[in-house]
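**Q** Below are the chains, spelled out letter by letter.
Protein chains: 2
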Amino acid sequence: MFAIIPAGGVGSRLWPLSRSAAPKFLLDLTGDGRSMVRATVERLAPVSAGGVVVTGVAHAPAVTGHLAGTGVEVIAEPSPRDSMAAIGLAAAVLHERHGDVVVGSFAADHVIRDEAAFHAAVRAAEEIAAAGWLTTIGTSPTEPSSAFGYIEQGQALPAPLAGRLVVRFEEKPDAARAAAYLGSGRHLWNAGMFVVRTGVLLDALAELHPALHDGLRALGRAWDTPGRADALAATWPRLDRMVIDRALAEPLSLRGGVAVVPADMGWSDIGDFDAVAALAPSPPAVTVGADGAWVRATRPVAVVGIPGAVVVETPDAILVTTRAASQDVKAVVDRLTGPLEGLR
Amino acid sequence: MFAIIPAGGVGSRLWPLSRSAAPKFLLDLTGDGRSMVRATVERLAPVSAGGVVVTGVAHAPAVTGHLAGTGVEVIAEPSPRDSMAAIGLAAAVLHERHGDVVVGSFAADHVIRDEAAFHAAVRAAEEIAAAGWLTTIGTSPTEPSSAFGYIEQGQALPAPLAGRLVVRFEEKPDAARAAAYLGSGRHLWNAGMFVVRTGVLLDALAELHPALHDGLRALGRAWDTPGRADALAATWPRLDRMVIDRALAEPLSLRGGVAVVPADMGWSDIGDFDAVAALAPSPPAVTVGADGAWVRATRPVAVVGIPGAVVVETPDAILVTTRAASQDVKAVVDRLTGPLEGLR
Numbered sequence: 002m003f004a005i006i007p008a009g010g011v012g013s014r015l016w017p018l019s020r021s022a023a024p025k026f027l028l029d030l031t032g033d034g035r036s037m038v039r040a041t042v043e044r045l046a047p048v049s050a051g052g053v054v055v056t057g058v059a060h061a062p063a064v065t066g067h068l069a070g071t072g073v074e075v076i077a078e079p080s081p082r083d084s085m086a087a088i089g090l091a092a093a094v095l096h097e098r099h100g101d102v103v104v105g106s107f108a109a110d111h112v113i114r115d116e117a118a119f120h121a122a123v124r125a126a127e128e129i130a131a132a133g134w135l136t137t138i139g140t141s142p143t144e145p146s147s148a149f150g151y152i153e154q155g156q157a158l159p160a161p162l163a164g165r166l167v168v169r170f171e172e173k174p175d176a177a178r179a180a181a182y183l184g185s186g187r188h189l190w191n192a193g194m195f196v197v198r199t200g201v202l203l204d205a206l207a208e209l210h211p212a213l214h215d216g217l218r219a220l221g222r223a224w225d226t227p228g229r230a231d232a233l234a235a236t237w238p239r240l241d242r243m244v245i246d247r248a249l250a251e252p253l254s255l256r257g258g259v260a261v262v263p264a265d266m267g268w269s270d271i272g273d274f275d276a277v278a279a280l281a282p283s284p285p286a287v288t289v290g291a292d293g294a295w296v297r298a299t300r301p302v303a304v305v306g307i308p309g310a311v312v313v314e315t316p317d318a319i320l321v322t323t324r325a326a327s328q329d330v331k332a333v334v335d336r337l338t339g340p341l342e343g344l345r
Numbered sequence: 002m003f004a005i006i007p008a009g010g011v012g013s014r015l016w017p018l019s020r021s022a023a024p025k026f027l028l029d030l031t032g033d034g035r036s037m038v039r040a041t042v043e044r045l046a047p048v049s050a051g052g053v054v055v056t057g058v059a060h061a062p063a064v065t066g067h068l069a070g071t072g073v074e075v076i077a078e079p080s081p082r083d084s085m086a087a088i089g090l091a092a093a094v095l096h097e098r099h100g101d102v103v104v105g106s107f108a109a110d111h112v113i114r115d116e117a118a119f120h121a122a123v124r125a126a127e128e129i130a131a132a133g134w135l136t137t138i139g140t141s142p143t144e145p146s147s148a149f150g151y152i153e154q155g156q157a158l159p160a161p162l163a164g165r166l167v168v169r170f171e172e173k174p175d176a177a178r179a180a181a182y183l184g185s186g187r188h189l190w191n192a193g194m195f196v197v198r199t200g201v202l203l204d205a206l207a208e209l210h211p212a213l214h215d216g217l218r219a220l221g222r223a224w225d226t227p228g229r230a231d232a233l234a235a236t237w238p239r240l241d242r243m244v245i246d247r248a249l250a251e252p253l254s255l256r257g258g259v260a261v262v263p264a265d266m267g268w269s270d271i272g273d274f275d276a277v278a279a280l281a282p283s284p285p286a287v288t289v290g291a292d293g294a295w296v297r298a299t300r301p302v303a304v305v306g307i308p309g310a311v312v313v314e315t316p317d318a319i320l321v322t323t324r325a326a327s328q329d330v331k332a333v334v335d336r337l338t339g340p341l342e343g344l345r
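In the order they appear, the protein sequences are chains A and B. Going by the working numbering, the first sequence runs without a break in its numbering and finishes at 345. Going by the working numbering, the second sequence runs without a break in its numbering and finishes at 345.
One or more hints might be untrue.
Quick list of simulated restraints, FRET-style, between CB atoms [unchecked claim]:
id : chain 1 : residue 1 : chain 2 : residue 2 : range
1  : A       : R300      : B       : R35       : 25 to 35 Å
2  : A       : R300      : B       : P285      : 20 to 30 Å
3  : B       : R169      : A       : P316      : 25 to 35 Å
4  : B       : A69       : A       : P316      : 34 to 44 Å
5  : A       : T71       : B       : A59       : 52 to 62 Å
6  : A       : G34       : B       : S147      : 42 to 52 Å
7  : A       : E144      : B       : S147      : 22 to 32 Å
Coverage of chain B stretches by chain A, computed from C-beta distances (three or more under 8 Å per stretch; other residues unrestricted) [stated by the list, open to error]:
id : stretch
8  : 292-302
9  : 308-317
Calculated from the structure, these hints are not laboratory results. Backbone N, C-alpha and C define an ideal beta-carbon position, used for all residues, glycine too.
In isolation and in its complexed conformation, chain A is listed as follows (with noise of 0.2 Å):
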C-alpha cells in the first residue's frame, strides 16, 4: 500500500495554538516531540511502501521540513480544491508510477494510540481494497457525538475478507440519533480513512465526476516530466472542489461498493481543546473548585469556581474557556479583524 496524507485545514478550534501560519498538522499537540503529520508518517511507515503527504504550497517547505529523513515525497497544492482532488491527485500520479496499486489515505492531524490494532486495521482494509471495494477503517463510538460522521455496517463480506458492507454514511447526526447509535452495535465513527486501488477510485470518478477524472488523470500523466507546472497551472484551479466522502464514498456505498473494517485502536481527531485534554498531560495548575482544568501555557496558571476549564497562552495571546464549550472556540478565530487580524 502507498499512504496518501492530505495535510489541510487549520483546525481553528485549537486556536490559539492553531493559526493559518501554523496549521494543526504542524503542531505536536499530545507533547510527545513530533508534529501530527510526522507522527502520522511515521504511524503509516510498517503498513506501507511509501508516502505522499499533500499540502498547501505555503506549507510545503514547513512540511518537507517536518519529514526530513522519512522518504515521504510531498505534493504541493497550488490551491486548496478539497480532498477528493488532493487524494485523487496522489492516486493518478501513483497509478501513472506503479499501475493499479493499493493506496490508503489518512488524515494528517489524528491520533491513533494504539497502533498495533491500527496497523491490523489497515492490512485488512488492503486485503478488501485489492478485492475491488473502497475500504474505511471505522471505530467504535465511545459516546453520543454530535461532531464526528457515522458509518452504519451491513452483511460480512465472503471470508477471509474480514470487514462488512457500508450501509451507509451520516454527517453528523443529532444528539438523539447519535445516543441510540452508540449502543446499535452497528454504527461507528468515520476516521476519515480510505483504502482504495487506484483504479477503483479513477474508474469511479471518471463515472461520477468526468472533469474531475480527466483532469487528475492529465496532471497525473504530466506529474513526473518536464511539463508538470504547466499542467498545474492549466489544470488545477478549474477542478471541482468536493471531499471524498460526499464525491465517492457515499454514492459508492449505494451500489454496495464501500466495506469497513471496525478497529478500535484509540483514535481521536484531536479537534477541540476537550480531545486535547483527554489527550495530553497538563502542566500542575493551582485549582480551586476546578476539576479537570487543562493549561497550556509557560508560566504558573490558577483557576477558581470553573470546573473543567482550558487555559491556553502563547506569545501573542490568551484564549480561557472550558471542555465542555471548546467546539465553539472556531467563533473566536472569525473576530479576529482589524488589529488582532494578524492573531488568524
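Based on the hints, put chain B in the right spot on chain A.
**A** Okay, now just chain B, sitting in the frame of chain A:
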C-alpha cells in the same frame, strides 16, 4: 480633623495583582493612575488638617514614595498588631501633639466615587465626634452581601447632629439575614470609618483595654523624642492584637456611645475581582458566550463559554476565575507553596 490611615492587609483575593510585596493599597486597581493609598490621602485632604498613614515597616518606604508631596506622615509599625494598635498609636501621637482633637480613621484601600457625599458625611461625623460619640459612617446596602459587616441604626441624635445611635454591629450575616437587612431601611454596611476625639478613644481604651492603653500612651509620649526607638522596641511587641470594631465600637455601642452617619457615596471595599470589574474598565476581549467577562492582561484574550469570566495576567502568573467565584481567589494564595512560594 486629623486623618489616620491604617495601611495593612495584602488583599489576597486580588492575587495575582496583589502580593505580599505589593499589597492592595499600593495598587492602582481602578486605573486612575494613583495607588489606592494615594487616592485615599487625596480624598481626605479637603476635610482634614493633616494625615498619618500607619503601615508595616516593610512597606513604609514604598508608601512614602507613593505619598510624595502630600505632606502626610508615615508611621512604620515594627510588626503587625492589627487595627486597634495602629489607629491607637496614631491617636496617641496626635493627642500628645494637639490635645483632645478629632481624628478619623479610614482604610487605605477602599474606593469612593461620590467624594462630595463623602466629605459631607465626614463633616457631619466630625461634629458628632466632637460632641463625644465614637462615630462611624455607614453606607446603604445595594445587594444582600454576606461579605460585609452591618450596622443597625437606632434613634436620631439630638439636632443639629446629623446621625443616629448605633444599636449594634453585626459581622457578615448569613444570606437570609443579609436579604432582610437589604430592605429594612435600618441597616447599613460598615465601611470601616471611625471618627472620634482622641480623648474619647484613649479614655475608652483605658477602661476596656488598660494594658493596650498604657502602651500606646507611652509610645505617644516618646514619639517625638529621642526615646522613640527604645519605646517601640520595648512596648510594640507586647501590645494586644485587636481590631477596632471588636475592641471599641461594639462594646461602646452597647451603652449608646456610638453614632452613625448614613452616606450613599459610591463606596466599595473593592475586595475581590467582582468588585474591581464593577469599577474598572476591561480592555476589549474577544468573547463567545461570555457576557460580562473582565480582563486585565497585556496580550489579547479570548473567552469562550464562561459568562462573567475574570482573566488576570501578570508577568509571572495567570488567574482565571468568574465574578461569582472571585471571593475564593484567596484560597489560591494558601496553595502557593514549594516552587510557587515566590508568587505569594
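**Q** Indicate, hint by hint, whether the structure satisfies it.
**A** For each hint, the structure was consulted:
1. A/R300 <-> B/R35: 25 to 35 Å: The hinted range 25 to 35 Å holds for A/R300 and B/R35, with Cβ atoms some 28 Å apart.
2. A/R300 <-> B/P285: 20 to 30 Å: holds, 22 Å
3. B/R169 <-> A/P316: 25 to 35 Å: violated, 56 Å
4. B/A69 <-> A/P316: 34 to 44 Å: The hinted range 34 to 44 Å holds for B/A69 and A/P316, with Cβ atoms some 37 Å apart.
5. A/T71 <-> B/A59: 52 to 62 Å: holds, 59 Å
6. A/G34 <-> B/S147: 42 to 52 Å: Since A/G34 and B/S147 have Cβ atoms about 51 Å apart, the given range 42 to 52 Å holds.
7. A/E144 <-> B/S147: 22 to 32 Å: Given range 22 to 32 Å: violated, Cβ gap about 40 Å.
8. 292-302: Result for this restraint: holds, n = 4.
9. 308-317: Result for this restraint: holds, n = 5.
When the structure is compared with the earlier hints, violations turn up for hints 3 and 7 and for no others.
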